[in-house]
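Enquirer: Protein chains in written order, with my numbering: chain A, 1276 to 1580; chain B, 1276 to 1580.
Worth flagging that the hints you see were computed from the coordinates, not collected in a lab. Among the hints, erroneous ones may be present.
One side of the interface only, derived from the structure: several residues of chain A facing chain B at Cβ under 7 Å [what the hints assert, rightly or not]:
| hint | residue |
| --- | --- |
| 1 | 1377 |
| 2 | 1398 |
| 3 | 1478 |
| 4 | 1481 |
| 5 | 1500 |
| 6 | 1522 |
| 7 | 1539 |
None of these values were measured; they are calculated from a predicted model. All C-beta atoms in this analysis are idealised placements derived from N, C-alpha and C, irrespective of residue type, glycine included.
Protein chains: 2
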Amino acid sequence: MTVTPDWIAVDWGTTHLRAWAMAGQGLTAKPAAQVESNDGMGTLDRAGFEPALLRLVDGWLDTGAPRPAMLCGMVGARQGWVEAPYAPVPATPAALVPVRAPCADARLRVFVMPGLKQDQPADVMRGEETQIAGFLALNPGWDGVICLPGTHTKWAQVSAGEVVSFQTFMSGELFALLGAHSVLRHSVQGEGWDDDAFAAAVTDALARPEGLAARLFGLRADDLLHGQAAATARARLSGHLIGAELAAARPYWLGQNLALIGADAAAGPYAQALAAQGVPVTRTDAARMTLAGLSLAHDKIKETT
Amino acid sequence: MTVTPDWIAVDWGTTHLRAWAMAGQGLTAKPAAQVESNDGMGTLDRAGFEPALLRLVDGWLDTGAPRPAMLCGMVGARQGWVEAPYAPVPATPAALVPVRAPCADARLRVFVMPGLKQDQPADVMRGEETQIAGFLALNPGWDGVICLPGTHTKWAQVSAGEVVSFQTFMSGELFALLGAHSVLRHSVQGEGWDDDAFAAAVTDALARPEGLAARLFGLRADDLLHGQAAATARARLSGHLIGAELAAARPYWLGQNLALIGADAAAGPYAQALAAQGVPVTRTDAARMTLAGLSLAHDKIKETT
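Work out the full structure: start from the sequences and follow the hints.
Expert: Written out as C-alpha cells, the structure is:
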C-alpha cells in the first residue's frame, strides 16, 4: 500500500514522536496511517529534528507539491526544532498561528504550534493547547473546565473559546519517579491494580491532602509489616497523588462543566476518582483532539501562505 | 599512630558505612578515630557485610580479646547482615537488646540494634531508635517530640523514656529525586541558597499544603518565564516540601517540647522553618547521639554475654 497524504500531523513530545498521514481538510480530515518512534525532543539537538521526522515519514513523500507537516508539543520549545513562543492567556487556541520551521528537504513545509503561558501563577503548556483547540472545534460553544491528565496534568478554565487560566500538576511525573527510583520501587512494581484501594486512597487524600509525604512512606511500611500486594500499593500511590491533586484543584471541578482529554491509562484513574465525588465528566480521546487541533492549524497555513 | 579501640561503633545505612574506634565505656566513651566508605547495606549481599566492615577496621584489631562491634541502621533489615526484628511501639529505646551477627573473624564480636515498628499507621525506623536512646541517656527525664531530619524524616513522640508513636515523611527523598531526575533538575541544579525564598515557600505551603504537585511545576515555569535563579528554585523546592511536612506534622510540634537530631545540612532547614513559626527547638548532633546510643548497647552486651 502506498500512502500519499495531503498533509502530515505530528505530536512531538519530550520522549516520543508520533506522525499521522492525513487525508482531507479541516475537521473532516482523517488519518490514513500512523507511525511513531522514541526520538523525543529531549533526545535531539537542533540538527536532529528534520532527520528524525524523515526517518518516519520519508515513504509518504513524493515529488509532487511539498506536503505541510503540522507539529505540536515540546518540539516548539527553545531547545526544539524552532522556538514557537508561548502566547499569554487569556488566549484563543483556535487563533494560534503556527511558526514555520527551517527544513532542507523540499518535499516538506514544516510548521510548529505555539504553546500557552500564564504569568502569575507562572505556568506553561505545549501540546495541550492544540488538543483544547480540537475539542472546542468539535464541541462548539462549550464552556467549562478541561482536564488533560498526563505526566504534567493540566486543568484549563475555558470560556467563549478562550483559555482564561490554567494550572499544572506534576502528579504523573511523581508517580513515575517514585515507582522507578524511590524506596517505594520495592513495593509497587508488578502487575495488576486494586480499584478499592485506589478509591480509599483518593478519599483519604481529599480529606487530609497535606500528609502526602507521610502517606508515601506508609506504602513502604505496609509492605514491610503487612505484606501489602504491589497492585494495592501502586493503586494507593496513584490514589494519594490524584486525591491530593483533586483537593488542590477543587475550584476547577466543583460544580463545573468538566471534560477529560487523555488516553485511558492516564485519564482512567482521574475519571474514577471524579466519579466517586459525584462529578460527571465528558471523556474524549487525546489523539483525536490533537488531530482536530492540527487540522485547524493546517487550514490556517493554507489561508496565510 | 596505632588505634586499639575498646570497642567499635558502626552506623550502617542504605548508602553509607561509618565506623568509630571507641575508647572507654558507657556515656563517657569517646571516639578515637573514624573511618567510612560507600559500602552501604543496599549495595551488599549477606556474604558482603563482614568483608566490608573488615576493609574499614582491620587495622584496629589485634590478637587480644575479641572486640565488640555495635551496629545500627539498615544493616539490621531482613536483607542486612542479620535480621534484628523490629520492636513494636510503645518501646523503650534504651531497653532494646542487640542481636548477635555471625562473624568468621575471631577478632570481632558483632551485634546489631533492632529497629522500631508501629502497626497502625504502619511505620518503621532503623537507626533513629539508637539516636533517640542516646539523646534520652544524655537528657534524662526529657519528654516531648524528637524530629530526626533525613532522607526519611522521623517525628517521634517520647514520654517517660518510651517512643509512644512516630511518623515518617519522605520529604528528603522527594527533594533528592526531584532535583536529580525530574523536569525540575534543569531549574534547581547549581550553587547557593536563598533564605528568603525558602521562608516564603514554607509559609505558603503551611497555609495551603494541598497544592504541592502544582507548586513543583511552578518552579519550572518560573524558570522558563522569569529566569528564576537555581539557588532560589532549590530553596523554594525545599521550602514547599518542608512546609507541607510541617502542616501534616503540626500535632508533633505545636506546643510541644521539641528536639532536632540531625547534621546541619538536613536539620538546618527544619530549624529555620520551625523558628519562623515561633517554635523553640533543641538542636543536637546526630553522630554524637548515635555514639551515645551504641554506648548504651555496648554496656548491655557486657552485662549479658
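Enquirer: Against chain B, is residue 1500(A) within 7 Å by beta-carbon distance?
Expert: 5 Å, holds
Enquirer: Take the shortest C-beta to C-beta distance between residue 1481(A) and chain B; is it under 7 Å?
Expert: Violated - the Cβ of residue 1481(A) stays beyond 7 Å from chain B, reaching only about 9 Å at its closest.
Enquirer: Is the hint on residue 1398(A) kept, meaning its closest Cβ partner in chain B is under 7 Å away?
Expert: 5 Å, holds
Enquirer: Does residue 1377(A) hold up as a contact with chain B if the rule is Cβ-Cβ below 7 Å?
Expert: Violated - the Cβ of residue 1377(A) stays beyond 7 Å from chain B, reaching only about 23 Å at its closest.
Enquirer: Verify the interface restraint on residue 1539(A): the C-beta must sit less than 7 Å from at least one C-beta of chain B.
Expert: 21 Å, violated
Enquirer: Is the interface hint for residue 1478(A) satisfied, with its Cβ closer than 7 Å to some Cβ of chain B?
Expert: 14 Å, violated
Enquirer: Was the hint right that residue 1522(A) lines chain B, CB cutoff 7 Å?
Expert: 4 Å, holds
When held up to the earlier numbered hints, the structure conflicts with 1, 3, 4, 7 and fits the remainder.
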